[in-house]
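> Protein sequence lines, in the order shown, are assigned to chains F, X and V.
Under this note's numbering, the first residue of the first sequence is numbered 1, with each subsequent residue one higher.
Under this note's numbering, the first residue of the second sequence is numbered 293, with each subsequent residue one higher.
Under this note's numbering, the first residue of the third sequence is numbered 654, with each subsequent residue one higher.
Treat the hints with caution; some may be incorrect.
[Said to hold, decoys possible] Capping the alpha-carbon separation at 20 Å, the derived lysine to any residue pairs in SDA-like fashion look like this:
| # | chain 1 | residue 1 | chain 2 | residue 2 |
| --- | --- | --- | --- | --- |
| 1 | F | K186 | X | K423 |
| 2 | F | K186 | X | S376 |
| 3 | X | K423 | F | P212 |
| 4 | F | K186 | X | K570 |
| 5 | V | K805 | F | F255 |
| 6 | V | K984 | F | V244 |
| 7 | V | K984 | F | Y64 |
| 8 | V | K889 | F | E138 |
| 9 | V | K890 | F | E138 |
| 10 | X | K423 | F | L73 |
| 11 | X | K570 | X | E554 |
| 12 | V | K842 | V | K886 |
| 13 | X | K423 | F | R208 |
| 14 | V | K984 | F | F255 |
| 15 | V | K886 | V | P960 |
| 16 | V | K984 | F | F76 |
| 17 | V | K852 | F | T160 |
| 18 | X | K423 | F | Y64 |
| 19 | V | K984 | F | L73 |
| 20 | V | K743 | F | F76 |
| 21 | X | K423 | F | P216 |
| 22 | V | K984 | F | P216 |
| 23 | V | K852 | F | V56 |
| 24 | V | K977 | F | E48 |
| 25 | V | K950 | V | Y925 |
| 26 | V | K984 | F | D69 |
| 27 | V | K984 | F | R78 |
| 28 | V | K806 | F | T160 |
| 29 | V | K984 | F | V270 |
| 30 | F | K186 | F | R103 |
[Stated by the list, open to error] Some chain F residues close to chain X (C-beta under 8 Å, calculated; not the full set):
| # | residue |
| --- | --- |
| 31 | L155 |
| 32 | E156 |
| 33 | T160 |
| 34 | L191 |
| 35 | A194 |
| 36 | L198 |
| 37 | C200 |
| 38 | G201 |
| 39 | P212 |
It is worth saying that the hints were derived from the structure and are not from the lab.
Beta carbons are placed, not taken as given, at the ideal position from N, Cα and C, and that holds for glycine.
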Amino acid sequence: MTDLVQASPGTARLPRFTGWLLLAPLAVWLIAFVVAPALILVVYSFSERDELGRVVFTFTLENYRRAADPVYLAVFGRSVAYAAITTAICAVLAYPVAWTLARTRAPWRGRLLLLVMIPFWTSFLIRTYAWITILKSEGLLNGLLLYTHTIAAPLELLYTPGAVVLGLVYAYLPFMILPIYGSAEKLDPALIEAAHDLGCGPWQSFARVVLPLTRPGLAAGVMMVFVPAIGMFAISDLMGGARVPLIGNVIQDQFVGQARDKPFGAALAVIFMALFALLYWLWQRRTEGRVA
Amino acid sequence: MSASVELRGVAKRFGAVVAVDDVSLTVQAGEFLTLLGPSGCGKTTLLRMIAGFESPDRGAVLIGGADVTHLPPHRRDVNQVFQSYALFPHLSVRDNIAFGLRLQRLSRAAIEQRVAEIIALVALVGCEARKPHELSGGQRQRVALARALAPRPAVLLLDEPLSALDAGLRQTMQIELKRLQRRLGTTFVLVTHDQGEALALSDRVALVNRGRLEQVGPAAEIYARPATAFAAEFIGQANVIEAAMIGRGAELARLRVGGDFELSVPVALWPGEAPRAKIAIRAEKIRLVAAPVAAAENGFSARVEEKVFQGASDRLSLVTAGGVRLIAMAPNVRAGQGSFRAGDTVWCAVHPEDVVVLGET
Amino acid sequence: MPTVVRLLTLALVAAISPAPRAAESLNLFAWSEYVPQAVIDGFSQETGIKVNYATYASGEEMLSKLLTGGAAYDLIQPPDYIAEAMIRNKLLRPLDRARLPNLRHLAPEFLALPHDPASAYTVPYMIGTVGIVVNTERVKEPIRGYRDLFQKKYSNRIVVVNDNREIVSWALVTLGLSQNDITRASLAKARPLIAEWLKLVKVFDSDSPKTPLLNGDVDLGVVWSGEAAKLIKGNKKFAYVLPAEGYHSFVDLLAIPATAKNPAAAHRFLDYVLRPEVSKLISDEFPYTNPNLAARKLLSPEQLANPASYPPLGKLDTFRDIGKAAADIDKLMTDLKTAAAK
């Protein structure tokens, strides 16, 4: 008995040590690429800059005060609105696709999933340029519509808010499809039959059973689309003609653009991160609340 | 009694596979009918046709006299207990049970009352707020039952409802199911591959084989008078052997069984002038004795080849002198008694009335 | 400098900093797509010096990376106002003119400008202007300057460079102010004018402002002269106009950072680029105003006749360093763009 007692801490320590060892690469990665940059941003955000744009380490709240200026709040609001519209459209478009994928049988399911992922094989920017080729005034779509006499004069498609939303939806749709697919695939078809059996029409079974049970996938999709969409700047530049400054454009301009104000950019980025942390926390709390 | 469910010549193919082939069946109101058969025989497809999850390629489905062949499941007055229970994991026991009631747009008070009633009926009081994953297997089974019964369907369909439970619990639930059915008077249609379950629960059994109905009738009748070799072998343990008529008396006919021993059977059972027919002898109807039994008394000898202890009885594999193989049961009446061993020679006796003549070959 | 290149460099420049090698090498840090590959190859072939070409998409980006000190660059390509700030902060190394005999080819009007009054630190690479491009097939009325351009009837038919300071400078000169007069007071004066203008603009694009003009999405533009020259070269329907109210000229320079590891190679490269036949190669690819008079003699009459490449230049009016006032421009423009988009 004493032998056992003495032996157990030793045997327990070994796997624990190996466990930490296995975690080490992740920890190093997290510290080097997540924690450290975030800390640098926080430090920058309380600093000043000199005339060349170098960061001067002091402690000032000036950057946050400036970020609270209505000008930048409006940009924030607009970015959130664009991201929210994008997310909503993605959700509506992705749901039936993900659902169909999850209900498709083996060989076709793999092929269709591949189709969802094929766009990732090409650079995002090249795909965005392809859209410009399609949407421009003398582009493919206008050409087709003119040729078929559907329209008399070219439609103004490119460099509009609609084009920005289209670009965002196009870029992030797979990030909505895949998590919803993950949830939908796990859903037992018998549950849907049970819902029908108990009197649900198609819409009711969706609202009462399918949607609640795929909500984790939907929520993950919303996070995966909303978060990057809010910070995206290239699409609003390329497809929106840079007419609408989004928060990503403003931050980019502080770091590598003319504004030359890293501390201010850092402050915007920190506010940004805090906002996401808050969103994530609320989401987690909801999810846990539901399980309990 | 009126017909609660009626299948009229229904058929269903899945690709090249014929799942259901021209089945007609009537289930009376308040009846407990079991669709019994081996896996893949089409019994589940029949159930799903009644529920509305499958539509027949041909034929019609009637519920309460109305043709529902083309009605979707949610418009049919039937509810199902699923094999996996299919409880909604995001809803509490109470909400699972109230699910169908809410869709009937009942008043809140009526729903609450019905839920309370049904929860008491299936003995789930105290579990109302729990989620399905917090329940035991038996409790989940009851919730599934309660959920399907709550909206008072005309017909309750049960798809292998007890298969996920362990043996002891299954027995308890069998009793409860039967009790519930009697009390509610609802028509129950149950699907199972477990003959014991079918025999214990059903008013009538519909034996399904290869998409067709093999035999329909009260369990005892199928047991006593199986119509086919399949029926004889699927329900209970039967020895199906070919026999030839060798002498016809006024009451008894003399048969040579398997080209070996002789047996007498009531001549009325024999199919007309047929020279040969298949007969079935149930394992438990073979009386085993150590002392010789005269051939006139339907006796013959055999050697014990193998013995399998089964608790209440021993299951013996016998071979007659002529090479006919038979299964027989030796009840463990008293310790140390009647325990034959492999290699022993035993005498078998079969009462003429216990021989089942299946029909011409 | 398309955004593709910008984003790629954003990611890569920091990671792939030129490593020291056994063979002699030159770390060149220049605009993306501004030094022809033929020039780099020719230099390496002749001298055996390997050129590591790292790129940036804005002068500010270059400055930021240089100051971060991740890598030592031997030769950089700053815009004039950035060079001015760098000289003031002693970030550039004085040139050894004895090693640059080809300096003699440069036209004097591009030397000794305000950013480097003694031409002690910088060598002009290319000179450009920011002017108006008109698609004369679609716009029949004469466009002489900003007031002609920014009219309601041209709403949604205009591309301008996505450069806040540029846009502000146009408004300042239109109001008769100096383009370098970046004060709160002058910005306040310019504000209503800019607000009106922004509502008329369809596309802001610094990387390739010629694209929407070529694609037919817009008919008018305020763009870099090099971009305009490329448009005119391909299609005579485009015309280039230097705004009557005043216009901005810029001088892109070559300079050696104080931290350079191989200033000798940098001098060799500088002198190589100043050779007329090499300088001609640059003009062929980037049709800005070449300050190298000997090189101009090698250009075709057609190249010299391109009004965007060789406009009638008066006194060069270049940007000066404005230090922290850039933040005021940023806020003003962010505000006005947001308002205009509504």
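> Quick one: which hint numbers does this structure break? Sort them smallest to largest.
Failing hints, ascending: 4, 5, 10, 12, 18, 20, 22, 23, 31, 32, 33.
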